[in-house]
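*Asks:* Now for the letters of each chain:
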Amino acid sequence: MKETTIQNIHQAILEKTNQGRTVAVATIVATKGSVPRKIGAKMLVDPGYDIVGTIGGGCGEGEVIAVAHEVIASGTPQVVHVDLTEDILSLSPAVCGGTMEVFVEAVVRS
Amino acid sequence: MIEQNKLPLSATMAAEKIVAAKKEGEAIALVLITHGPSTVLGQRIAIKKLKCGGLVKIGSFQGNDLNNQAMELAKEALESPGPQEDRFHDLTVNSGQKYKLFVEAYHPPPELIIVGAGHIAQPLSSITAMLGFNVTVIDDREEFVTRKRFPEADRLMEVDFINPFKDITVDQNSYIVLVTRGHKYDFECLRFLLRSQVEPSYIGMIGSRRRIRAAFIQLINDQLDPERIARIRAPLGLDIGSETPTEIAISVAAELVLLSRKGDGMPLSQKENIFNRFFKKG
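First to last, the protein sequences are chains C and Z. Each residue of the first sequence is one higher than the last, beginning at 1 in the numbering used here. Each residue of the second sequence is one higher than the last, beginning at 1001 in the numbering used here.
Treat the hints as calculated values from the structure; they're not laboratory data. One thing to keep in mind: the hints can contain errors.
What the hints assert, rightly or not - A partial selection of chain C residues facing chain Z, derived with a Cβ cut-off under 7 angstroms:
#1 Gln11
#2 Ile13
#3 Leu14
#4 Glu15
#5 Thr17
#6 Thr22
#7 Val29
#8 Ala30
#9 Gly40
#10 Pro77
#11 Val79
#12 Val80
#13 Val107
#14 Arg109
#15 Ser110
Everything numeric in this text was worked out from a predicted model, so none of it was measured. Just so it is clear, CB atoms sit at the ideal spot from N, CA and C, and this is done for glycine as well.
Put together the whole structure using the sequences plus the hints.
*Replies:* This is the structure in structure tokens:
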């Protein structure tokens, strides 16, 4: 299928790193139950500048963004376990009732 | 298999390869180490599948066993263009070291060729473009294959139904819907497709039982492969009681999704049967 967003995110990785910036890329590598985005969904975090793509929004994403900053500082990738199971009947759209594993890595120009 | 460089791919190189593969219409699968010794976390290898079917290895991991197992995972992912459920793999190499590998595959969008630019083709072109197909609409009537009628199609072509696929690549990534204005043209295209060496992923043809039966008799008389005749989806689409062109387009689009996602077409409510299973007394 045409994955315009996926294509954009890879292009964004190249553009950012070509400018000499260090960014973090988060990829959903596993999910359980109902989550807002599918396995393989990616988000690029460019601290202080912007975010490209989404891995679902809400609390989970905030957690991942915090780890993105750590990963950029340390250079070591991390796997974040995101739990969205709090309240399955909650009206908040960010609560989906599942959990996911997100791989977060720092990316620099090679 | 051609080999390119002996080191793992960096994340930027991986992004470059993905962007390039998309541009070329090639498939690529990457394997990423997400768990394992900290020195190898985030390392990747990839295999690219060329249009001719050849494979190109890009990068390699340290350690033959790890590398070979990862290459196998990448190859598997390239062979199955549908959705992959198992993309996270636990793996133990000869030395006893444990790893977790994540497999990502990017396949070129499937090509849908709608033969016949009539009433059904219009909504079908819109819906399938939304589904992510690369849509081509062909007809022998120039005034029907217009941008105005098919704003979402990727390609519009005026063709001769004697040799309709002359300028179109038909391969395993192709899905073909035969909905011309006359059954005669549908049949000619169908026979053309069956005579070709490569078999597309899908051939659907519209028509009544009587006409389809007549077409099959003719194909058998022409000594075309009965197994391939049996795989033709005719009449095409799922039975959702469609009557209007839009309803028929939805039924055809639903069949395309069903095949690519390996669904069974049953109503989910009936399949899950939640009320009767959990709330019915007695």
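*Asks:* So, for every hint listed, does it hold in this structure?
*Replies:* These are the hints, each one checked on the structure:
1. Gln11: At 6 angstroms from the nearest chain Z Cβ, glutamine 11 of chain C passes the 7 angstroms test, so the hint holds.
2. Ile13: 4 angstroms, holds
3. Leu14: 5 angstroms, holds
4. Glu15: 10 angstroms, violated
5. Thr17: Holds. Min distance 5 angstroms.
6. Thr22: 11 angstroms, violated
7. Val29: Result: holds, 4 angstroms to nearest chain Z Cβ.
8. Ala30: 5 angstroms, holds
9. Gly40: 6 angstroms, holds
10. Pro77: 4 angstroms, holds
11. Val79: 6 angstroms, holds
12. Val80: For valine 80 of chain C, the interface hint is violated, since the closest Cβ of chain Z sits about 11 angstroms away, which is over 7 angstroms.
13. Val107: 4 angstroms, holds
14. Arg109: 6 angstroms, holds
15. Ser110: Holds, about 4 angstroms.
Taken one by one, the earlier hints fail for this structure at numbers 4, 6, 12, listed in ascending order.
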